[in-house]
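Asker: The primary structure of each chain is shown beneath.
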Amino acid sequence: DGGITQSPKYLFRKEGQNVTLSCEQNLNHDAMYWYRQDPGQGLRLIYYSQIVNDFQKGDIAEGYSVSREKKESFPLTVTSAQKNPTAFYLCASSIPLTYNEQFFGPGTRLTVL
Amino acid sequence: GQQLNQSPQSMFIQEGEDVSMNCTSSSIFNTWLWYKQDPGEGPVLLIALYKAGELTSNGRLTAQFGITRKDSFLNISASIPSDVGIYFCAGLTDSWGKLQFGAGTQVVVTP
Chain Y
1 DGGITQSPKY LFRKEGQNVT LSCEQNLNHD AMYWYRQDPG QGLRLIYYSQ
51 IVNDFQKGDI AEGYSVSREK KESFPLTVTS AQKNPTAFYL CASSIPLTYN
101 EQFFGPGTRL TVL
Chain X
1 GQQLNQSPQS MFIQEGEDVS MNCTSSSIFN TWLWYKQDPG EGPVLLIALY
51 KAGELTSNGR LTAQFGITRK DSFLNISASI PSDVGIYFCA GLTDSWGKLQ
101 FGAGTQVVVT P
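Protein sequence lines correspond, in order, to chains Y and X.
Read in our numbering, the first sequence has 80 at position 80, and its numbers run on one by one without any break.
Read in our numbering, the second sequence has 13 at position 13, and its numbers run on one by one without any break.
Derived by calculation from the structure, the hints in this document are not laboratory data.
Please note: incorrect hints may appear among the correct ones.
[Claimed, not checked] Cross-link-like lysine to aspartate or glutamate pairs, in silico, EDC-like; alpha carbons within 16 Å at most: (1) K70(Y) x D30(Y); (2) K71(Y) x E24(Y); (3) K9(Y) x E41(X); (4) K83(Y) x E62(Y); (5) K9(Y) x D38(X); (6) K98(X) x E15(Y); (7) K51(X) x E101(Y); (8) K70(Y) x D54(Y); (9) K71(Y) x D30(Y); (10) K71(Y) x D54(Y); (11) K83(Y) x E15(Y); (12) K70(X) x E54(X); (13) K70(Y) x E24(Y); (14) K51(X) x D71(X); (15) K83(Y) x D38(Y); (16) K9(Y) x D30(Y); (17) K98(X) x D59(Y); (18) K98(X) x E72(Y).
[Stated by the list, open to error] Now the stretches of chain Y that chain X is said to cover, found in silico as 3 or more residues with beta-carbon under 8 Å: (19) 38–44; (20) 103–109.
From the three backbone atoms N, C-alpha and C, an ideal C-beta is built for every residue, glycine too.
Same shape as in the complex, but just chain X:
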């Protein structure tokens, strides 16, 4: 079952603001993945993290793999309207690929 706690559940922000969300777990993960899902579409992979302490950027997105390997966070800088959507974290404990997903963070950006 689901082992990841993702927060916040939702965020209402103004355009230009930074956004931060995180996932925590009682289990150790080998990989952290962050996805974005638009309404009625499949999730799209944003960032993949493989090492504890790793900090990776993808444009205005930055994600970090926590040192304890039990958490990860995602930051979005200078938000724009197209950042609207649901962001999911996913963690991998097995070597072959069975992901555990967080419940998602709904991001709403107002002009």
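Isolated chain Y (complex conformation):
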């Protein structure tokens, strides 16, 4: 079945360590996105990519980095520079310009101890 997978579901890291969250899609979507969700809040855009080897900062990119070497994959690295990294991270994908619906993965809950 086509879909978006994120791994792991739960992730624990010590403060000061970088950590990479995985996002893979087999929907053949060109665009991919990373969002952060904090309790009781909506989704905030971290980074997005419209095409392979290109990505743009979203509204809260500081302390995060991404790469888009393959169409199917859009990993997010939470660096030690991110001041408050504990959150629920969601990856999404879409076919921009044609269909604007974004489809989300199941999310990764990151807890920094």
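Got chain Y; can you put chain X on it based on the hints?
Answerer: This is chain X only, laid out in the frame that chain Y set:
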């Protein structure tokens, strides 16, 4: 940043009742999307709206794209326990897909 005002913030309703929530913005949107999120899961797309005035249904769900293009509402008829969750509106101003999200409406259904 976030430009959408979603209300109400939460709703406690009895099974069988209808639910209504809305999103408003100071900006004009080209697309409105409504999502439902269960605890610990990713949002699931419920309805997509593309034209001002458009009214679209998906089972017991009905959503409308406001005439002014600055608002949208979602109705759930005859609520059931599995309707529990957080409902998000999302609006699109760009052609390529950068969504703005509302803060969500928490729906709790009691038997």
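Asker: Hint check: K51(X) vs D71(X), CA-CA at most 16 Å. Holds or violated?
Answerer: Holds - the C-alpha atoms of D71(X) and K51(X) are around 12 Å apart, at most 16 Å.
Asker: Keeping to a limit of 16 Å between CA atoms, is the pair of K83(Y) and D38(Y) held or broken?
Answerer: Since the Cα atoms of K83(Y) and D38(Y) sit roughly 14 Å apart, the hinted pair holds (cutoff 16 Å).
Asker: Taking only the CA atoms, is the gap from K51(X) to E101(Y) under or equal to 16 Å?
Answerer: Judged against 16 Å, a Cα distance of about 14 Å means the pair holds.
Asker: Take a quick look at whether K70(Y) and D30(Y) sit within 16 Å of each other, Cα to Cα.
Answerer: Holds, at roughly 10 Å.
Asker: Holds or violated: K71(Y) and D54(Y), Cα atoms, limit 16 Å.
Answerer: Holds, at about 11 Å.
Asker: Mind checking the alpha carbons of K70(Y) and D54(Y) for me, to see if they're no more than 16 Å apart?
Answerer: Cα-Cα ~10 Å, so holds.
Asker: Given the hint that K71(Y) pairs with E24(Y), test it: the Cα-Cα distance must not exceed 16 Å.
Answerer: holds (9 Å)
Asker: With the threshold set at 16 Å, check whether the alpha-carbon distance from K83(Y) to E62(Y) stays at or below it.
Answerer: Given pair K83(Y), E62(Y) holds - Cα atoms ~9 Å apart, limit 16 Å.
Asker: Within a Cα-Cα threshold of 16 Å, do K70(X) and E54(X) meet the stated pairing?
Answerer: Holds, at roughly 13 Å.
Asker: Are the Cα positions of K98(X) and E72(Y) separated by 16 Å at most?
Answerer: violated (19 Å)
Asker: Given the proposed pairing of K71(Y) with D30(Y), does the C-alpha separation stay at or below 16 Å?
Answerer: Holds: K71(Y) and D30(Y) sit about 7 Å apart, inside 16 Å.
Asker: Next pair to validate is K9(Y) with D38(X); report whether the Cα-Cα distance is within 16 Å.
Answerer: holds (15 Å)
When held up to the earlier numbered hints, the structure conflicts with 6, 16 and 18 and fits the remainder.
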